[in-house]
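A.B. asks: If you want the building blocks of each chain, they are given just below.
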Amino acid sequence: MTEIERYYAPASLEQAVDCLQEAGGVTVLAGGTDLMPQKNAGRLKPQRTLMNIRGIAELRGVELSGGEIRIGALTTITDLLENPLVRQHLPQLIEACNHFASDQIRNVATLGGNICNASPAGDTLVPLLVLDARVDLVSRPEGRMLRRGLPVAEFFVGPGKTRKAPTELLAGVTIPLPPENYLGRFFKFGTRPALDIATISIGFGGILEGGVLSRVRVAFGAVAATPVRASHTEAALEGRPLTEATIAAAAAAARDEVTPIDDVRASAWYRKELIHNMTKRILDHVAHA
Amino acid sequence: MSLMHDIDFTLNGVRRRATVRVDMSALDMLRETIGLTGTKYGCGEGECGACTIQVDGVSLNSCLMFAVDCHGRQVVTIEGLGADEASTRASALRDAFVEHGAVQCGFCTPGMMMQASHLLDRHPHADAESIKRGIEGNLCRCTGYKKIVDAIVAVGEGIAP
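As they're listed, the protein sequences go chains A and B.
Mapping of the first sequence onto this note's numbering: residues 1 to 289, in sequence order.
Mapping of the second sequence onto this note's numbering: residues 1 to 161, in sequence order.
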């Protein structure tokens, strides 16, 4: 096991990305609620430098400008739940945060940590997919701040794996402001409301006008190696009247396009049934909203 | 030999220095380095809430917090809850736990009290439903939840003894 040789708590984003650039082998600490148990279980090998970014004030908070909501990576789940902008505009994210672990963990766990941890069952990831969020990645090669945006849909590569380079820090996410008549839904299935890892989760977003759906987004968690957009399900809904037949076709498409595995929480068969039935339930609710 | 780091923080209202392993949890620091054993080790992974403390006014699992992250912060443990004379609610909470028999084996009690105190700070008049949700991260293996919820509700309603 690598020994930690250095502890560093930068006060600014520049210092943090400089450290990533120079040091090589950095473990980033934010809330610590995933890092600590992963380290204790031996699933994560601490790198030579432990960098605590929690003191970087500019990475925490929610703001609305230019038709986009920007959420800093260090914003906690409790911050999100209490934020009026998030409450008003991002209903799926609120619903997911409401089913996130426990109060003690929500008070500390950060949105950026949930994203970088890249769990296929990560609670906030499905809503972020549905909301067309982009991740904001920052690095500083040769002393020059370099920012690049990447759709969340392209960010996850596998369990715990993302497209973030070792020299990059996740600064936050940017979400286009949903229109006034936007409908957002999130559903997480677990055996108890608190502290459960999702057996499956479903996110839905779209606009229903004159009974017809548009700008449809559907995403699923815990049914593949990463949280995934459900393109066939979306296609079965986009531009169609939300009738019983449409709902049945979309729910069937959902069941057919997911590729879950058997694990301790559920069998692959049961996950497919859940995806079918709960997609149908969400769409029924939307139709009667 | 793990890397050690010096930290400086406020513990139960008193300024405190400690030298800690950089990969150590705040819980281990409290119990082993400092010797405050009121905060309990239950599961070590944030499921049970026995290690709940308050840092900068919010409750958290001290088993999931890195000790080095206590630097510069205000840490309150069960030993310090209500030590501050202005905190009449903390003593009302203690009395309510006694009055309602909300303590069986007592192992979850420090964590329950720390979480209950945080809940009532945020929502002084919380009802039973929101209290149940608020303590969903605290397990009582004696399953004495009803009396615990009753005690917290009583303080919120101002009817504690």
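Keep in mind that a hint or two might mislead.
[As the list claims (entries may be wrong)] So the derived list for chain B, only partly shown, Cβ under 8 angstroms to chain A, looks like this:
| no. | residue |
| --- | --- |
| 1 | MET24 |
| 2 | THR33 |
| 3 | ILE34 |
| 4 | LEU36 |
| 5 | THR37 |
| 6 | GLY38 |
| 7 | GLY46 |
| 8 | ASP69 |
| 9 | HIS125 |
| 10 | GLU129 |
| 11 | SER130 |
| 12 | GLY134 |
[As the list claims (entries may be wrong)] Incomplete in silico selection of chain B near chain A, CB under 10 angstroms:
| no. | residue |
| --- | --- |
| 13 | VAL22 |
| 14 | ASN61 |
| 15 | ARG141 |
It should be emphasised that the hints constitute simulated quantities derived from the structure, not laboratory data.
For clarity, every value in this text was computed on a predicted model and none was experimentally measured.
The beta-carbon is built from N, C-alpha and C at its ideal position, and this holds for glycine as well.
A.B. asks: The structure should be examined with respect to each hint, and the outcome stated for every one.
C.D. replies: Taking the hints in turn, this is what the structure says about them:
Because the beta carbon of MET24 of chain B sits about 10 angstroms from the nearest beta carbon in chain A, more than 8 angstroms, this interface hint is broken. Violation of the interface hint for THR33 of chain B is found here, the shortest Cβ-Cβ separation to chain A being roughly 16 angstroms, above the 8 angstroms cut-off. Against a cut-off of 8 angstroms between C-beta atoms, the interface hint on ILE34 of chain B is violated, since the closest Cβ of chain A lies about 19 angstroms away. Interface restraint check for LEU36 of chain B: the shortest CB-CB distance to chain A comes to about 18 angstroms, outside 8 angstroms, so the restraint is violated.
Interface hint at THR37 of chain B: violated, since its Cβ lies 20 angstroms from the closest Cβ of chain A, which is beyond the 8 angstroms cut-off. Taken as an interface hint, GLY38 of chain B does not check out: its beta carbon lies about 17 angstroms from the nearest beta carbon of chain A, beyond 8 angstroms. Annotation: interface hint on GLY46 of chain B holds; nearest CB of chain A at approximately 6 angstroms, less than 8 angstroms. At about 6 angstroms, the closest approach between the beta carbon of ASP69 of chain B and any beta carbon in chain A falls short of 8 angstroms, and the interface hint on this residue holds.
Of the supplied interface hints, the one on HIS125 of chain B is violated, with its beta-carbon coming no nearer than about 17 angstroms to a beta-carbon of chain A, more than 8 angstroms. Using the Cβ-Cβ criterion of 8 angstroms, the hint placing GLU129 of chain B at the interface with chain A is not satisfied: the shortest such distance is roughly 12 angstroms. Taken as an interface hint, SER130 of chain B does not check out: its beta carbon lies about 11 angstroms from the nearest beta carbon of chain A, beyond 8 angstroms. The criterion of a C-beta within 8 angstroms of any C-beta in chain A is met by GLY134 of chain B, whose closest approach is roughly 6 angstroms, and the hint holds.
Given hint, VAL22 of chain B at the interface with chain A, holds; its Cβ is 5 angstroms from that chain's nearest Cβ, closer than 10 angstroms. Evaluation of the ASN61 of chain B hint against chain A yields a held restraint, the C-beta minimum of about 5 angstroms falling below 10 angstroms. The closest approach between the C-beta of ARG141 of chain B and any C-beta of chain A is roughly 15 angstroms, which is over the 10 angstroms cut-off, so the hint fails.
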